[in-house]
Amino acid sequence: MIIEKEEILPGVYRIKFEVPAPYFIEAQPGRFIQLEVSHDPFPVTRRPFTISSVSESSVEIVFEAVGRGTGILAEADAGRSLRLLGPLGSGYRLDPGKWLLIGGGLGAAGFPGLAATVECDLLLLGASSQDKLLTIRETETVTITEDGSSGRKGLITDLLETVHWEAFSSIALCGPIPMMKAVIDMMPVAARAITQVSAEARMGCGWGACEGCSVPKAGGGFLKCCSDGPVFPADSIDWERWEGIH
Amino acid sequence: MDKPYKWTFWKREFTSPILLASGTAGFGLELMEQGFLTGAAAVISKATTLAPREGNPPPRIVETRFGLLNSIGLANPGVDEVLDTLLPQAACLPCPLIINVAGETVEDFPAVIERLEESPVPFGYEVNVSCPNVAAGGIAFGASPEIVERISTLVKSISSRPFSVKLTPNEGSIVESAKAAEEGGADAVTVCNTFLGMKVDWRTGKAPLKRNVGGYSSPALLPLTVARVFKTSEATSIPVLASGGVNRAEDILELLAAGAAMVQVGTWLLRRPDAARELRESMISLLEGSP
Chain B
1 MIIEKEEILP
11 GVYRIKFEVP
21 APYFIEAQPG
31 RFIQLEVSHD
41 PFPVTRRPFT
51 ISSVSESSVE
61 IVFEAVGRGT
71 GILAEADAGR
81 SLRLLGPLGS
91 GYRLDPGKWL
101 LIGGGLGAAG
111 FPGLAATVEC
121 DLLLLGASSQ
131 DKLLTIRETE
141 TVTITEDGSS
151 GRKGLITDLL
161 ETVHWEAFSS
171 IALCGPIPMM
181 KAVIDMMPVA
191 ARAITQVSAE
201 ARMGCGWGAC
211 EGCSVPKAGG
221 GFLKCCSDGP
231 VFPADSIDWE
241 RWEGIH
Chain C
1 MDKPYKWTFW
11 KREFTSPILL
21 ASGTAGFGLE
31 LMEQGFLTGA
41 AAVISKATTL
51 APREGNPPPR
61 IVETRFGLLN
71 SIGLANPGVD
81 EVLDTLLPQA
91 ACLPCPLIIN
101 VAGETVEDFP
111 AVIERLEESP
121 VPFGYEVNVS
131 CPNVAAGGIA
141 FGASPEIVER
151 ISTLVKSISS
161 RPFSVKLTPN
171 EGSIVESAKA
181 AEEGGADAVT
191 VCNTFLGMKV
201 DWRTGKAPLK
211 RNVGGYSSPA
221 LLPLTVARVF
231 KTSEATSIPV
241 LASGGVNRAE
251 DILELLAAGA
261 AMVQVGTWLL
271 RRPDAARELR
281 ESMISLLEGS
291 P
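Heads up: the protein sequence lines correspond to chains B and C, in order. Residues in the first sequence are numbered consecutively from 1, following the numbering used here. Residues in the second sequence are numbered consecutively from 1, following the numbering used here.
Hints are computed from structural coordinates only; laboratory data are not their basis. Be a bit skeptical, because a hint or two may be false.
Heads up, simulated DSSO-like pairs for lysine-lysine below, C-alpha to C-alpha not over 27 Å straight-line [what the hints assert, rightly or not]: (1) Lys179(C) / Lys156(C); (2) Lys11(C) / Lys217(B); (3) Lys206(C) / Lys181(B); (4) Lys181(B) / Lys210(C); (5) Lys153(B) / Lys181(B); (6) Lys231(C) / Lys11(C); (7) Lys179(C) / Lys231(C); (8) Lys217(B) / Lys181(B); (9) Lys231(C) / Lys217(B); (10) Lys181(B) / Lys98(B); (11) Lys11(C) / Lys206(C); (12) Lys11(C) / Lys156(C).
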């Protein structure tokens, strides 16, 4: 059941669901849920959402109303019950040491839970404008926007030139595929090796059966976003093929 | 209460008429772990081919207003891996497993089944002559009654187990293909595979699926399945396994009334992994006349 709903930015919503304890409290950051956004048979498939944060008896998502499924969900009010499946997939490998988080736009939706779990030393956030820039509380954040409405004016890659990569033992990266590819291309090899990427794909079942949500695998073949991921080591992805898809 | 409800299929009695359609349940292993096979008579596996297939480039799934287009392309690890890894694990499924078999040539079908005969696990086979998402084989086989009969005869000669031939609604006459399957020795026909569908972005003129067309499935297809089940069951004396458009208990009862022996649930399983239990329970309450 939806217990809280808030439009945190124009067209961007945070929804908190009540869930039976203790299913979600141990869901590591990066895992996801699937929601039946409508009681009608249409749209047919459930919609995947990265888990933003969890408590003993609740799970939170943050999403932008961009299409049919998210549009319907944006209209749902507190008190409404929806079928929710999860937690699904595998999340971030929670290695000790200092973390660098790099997010593009709504790609940062999964970062609140991660930032609260690991030792997050620095968060780099990029977006088209302030209207699309999420706030992650209690985290040292440097922002950049394409229109200069928050932080520097430019792209996330402009922030990377001054990053001391060797200061971090883990890096989390999430955003649109071209943005992630640009970040990966700028990274030193050693940084790439410690980077975990939170992927997304058009998804069917959500648990590994239908082979619908393929992500190109380094060295050939495909990974299943839903069950092999959605969080992958950056080096396990064939970035050229992945970028070519979109 | 529901003890009297039995469905007999391939000489075995089931307490449910629900089969989990190929491609939507894997090999049943993940569903078993969650206890979601309750209510399913049998699982029909993902298509298995002679050699591994990595499948079509993504995106492989595109949703339309009233349904789903898929272009998976028979992604599977190949029969060796199925025999070595998946079937031994599937030995502990709580229900029988039917292996869906696909091929690029007519000879591929008996070749895959000859290998599968090495395993004690399969309950039977579903011979897929109707995949809309591959360049070779697929629809072209299913549309020709001669090829359907030839494949059925070849499979019959090698298989110790019963098999169903999964037919296409897209080309040729499904009734003629069903009769040809029966003539060739098939023990059932699956009516039917997905409908050839396509989506185009009018702004760009481009199709989101890389192969342009894909297999269309939707609850809205139910009447098309009912008609084909009715016509094929009248024209043949082998069991007809209905497949297409089921998302309610009423749909299952309707297909059974139209002549189906068993009913498959596919796309709806993507939405509800526990669909078999849910649908069976509400079907039994409908049959008992309670709300």
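For each hint, the structure was consulted:
1. Lys179(C) / Lys156(C): holds (15 Å)
2. Lys11(C) / Lys217(B): With a Cα-Cα distance of about 44 Å, the restraint between Lys11(C) and Lys217(B) is violated, given a limit of 27 Å.
3. Lys206(C) / Lys181(B): holds (24 Å)
4. Lys181(B) / Lys210(C): Holds, because 21 Å separates the two Cα atoms, which is no more than 27 Å.
5. Lys153(B) / Lys181(B): Cα-Cα ~20 Å, so holds.
6. Lys231(C) / Lys11(C): At roughly 24 Å apart (the allowed maximum being 27 Å), Lys11(C) and Lys231(C) satisfy the hint.
7. Lys179(C) / Lys231(C): The given pair, whose Cα atoms are some 11 Å apart, holds under the 27 Å limit.
8. Lys217(B) / Lys181(B): Given pair Lys217(B), Lys181(B) holds - Cα atoms ~14 Å apart, limit 27 Å.
9. Lys231(C) / Lys217(B): Roughly 45 Å between the alpha carbons, so the hint for Lys231(C) and Lys217(B) is violated.
10. Lys181(B) / Lys98(B): Roughly 23 Å between the alpha carbons, so the hint for Lys181(B) and Lys98(B) holds.
11. Lys11(C) / Lys206(C): violated (49 Å)
12. Lys11(C) / Lys156(C): Status holds; Cα separation ~17 Å.
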